[in-house]
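Asks: The chain contents come next:
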Amino acid sequence: SQTIHQWPATLVQPVGSPLSLECTVEGTSNPNLYWYRQAAGRGLQLLFYSVGIGQISSEVPQNLSASRPQDRQFILSSKKLLLSDSGFYLCAWSVLSQRTQYFGPGTRLTVL
Amino acid sequence: RKEVEQDPGPFNVPEGATVAFNCTYSNSASQSFFWYRQDCRKEPKLLMSVYSSGNEDGRFTAQLNRASQYISLLIRDSKLSDSATYLCVVRINDYKLSFGAGTTVTVRA
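Read top to bottom, the protein sequences are chains A and B.
Heads up, the working numbering is the position in the first sequence plus 136, with the first residue counted as 1.
Heads up, the working numbering is the position in the second sequence plus 2, with the first residue counted as 1.
What the hints contain is simulated information worked out from the structure, not anything from laboratory work.
Misleading hints may appear alongside valid ones.
Okay, the calculated beta carbon distance ranges per label pair [said to hold, decoys possible]:
no.: 1; chain 1: A; residue 1: Pro-205; chain 2: B; residue 2: Gly-60; range: 36 to 44 Å
no.: 2; chain 1: A; residue 1: Ile-189; chain 2: B; residue 2: Lys-98; range: 40 to 48 Å
no.: 3; chain 1: A; residue 1: Asp-207; chain 2: B; residue 2: Lys-4; range: 33 to 41 Å
no.: 4; chain 1: A; residue 1: Asn-199; chain 2: B; residue 2: Leu-48; range: 26 to 34 Å
no.: 5; chain 1: A; residue 1: Thr-139; chain 2: B; residue 2: Asp-41; range: 12 to 20 Å
no.: 6; chain 1: A; residue 1: Ser-213; chain 2: B; residue 2: Asn-95; range: 23 to 31 Å
no.: 7; chain 1: B; residue 1: Leu-48; chain 2: A; residue 2: Ile-189; range: 22 to 30 Å
no.: 8; chain 1: A; residue 1: Val-151; chain 2: B; residue 2: Leu-76; range: 44 to 52 Å
no.: 9; chain 1: B; residue 1: Ala-111; chain 2: A; residue 2: Ser-203; range: 44 to 52 Å
no.: 10; chain 1: A; residue 1: Ile-189; chain 2: B; residue 2: Ala-111; range: 49 to 57 Å
no.: 11; chain 1: A; residue 1: Asn-166; chain 2: B; residue 2: Glu-17; range: 38 to 46 Å
no.: 12; chain 1: A; residue 1: Arg-235; chain 2: B; residue 2: Ala-111; range: 15 to 23 Å
no.: 13; chain 1: B; residue 1: Arg-68; chain 2: A; residue 2: Gly-152; range: 42 to 50 Å
Derived coverage of chain B by chain A (criterion: at least 3 residues anywhere in the stretch with Cβ under 8 Å from a Cβ of chain A; other residues may be distant) [what the hints assert, rightly or not]:
no.: 14; region: 47-57
no.: 15; region: 88-97
Cut-off 30 Å, straight-line C-alpha distance, at most; resulting in silico cross-link-like pairs (DSS-like, lysine-lysine) [to be verified]:
no.: 16; chain 1: B; residue 1: Lys-98; chain 2: A; residue 2: Lys-216
no.: 17; chain 1: A; residue 1: Lys-215; chain 2: B; residue 2: Lys-98
no.: 18; chain 1: B; residue 1: Lys-44; chain 2: A; residue 2: Lys-215
Small disclaimer: the values here were computed from a predicted structure and weren't measured.
The beta carbon of each residue, even a glycine, is placed where N, CA and C say it ideally should be.
Take the sequences, apply the hints, and build the full model.
Replies: Put into structure tokens, the structure is as follows:
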């Protein structure tokens, strides 16, 4: 069966510090991978998605970036965090034959 | 206009009651529809897909009205464990899902 891992689970970072969040998927090949952010009391916002190694599509221009160095690894980064980057970051995967997406446990980021 | 709109609730119901709520979507070309459940401070989890003819999964019934562009979820015989936020989700294209902000349901003993 497929599993998706994210780490760290929680993170507290000062404004202006860098960020690296990692997501890995097991049990499937060539998945589509996604990064979402959920601000308090709000819906999920799609940040990036990837259909293959090195292929990244950005949905929202901001100070975040994403990379996919391996088939089942997806990384979210920032060089300098802003207060507005606080939120619940969720990685998800899907395969094209399915219509839906499955989420990892998420990383709760607080920028102070 | 938001792509998916939901009544945020909360819907407070006693155990055993029936609760129903809707969402509306703006993109008439949307092809797939889902309900996800999200517990407090947890990731969303797929509850059920929504099919054009309506479908049931145990105590949960989902309906789709394409003409009016709304989706509904009904929960029968509510359990305490049904307390959660229910997210209405619409597929926009091969890669993008659009999520509503969620409807909070609280089932009390």
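Asks: Enumerate the violated hints, using their earlier numbering and listing them in ascending order.
Replies: 2, 12
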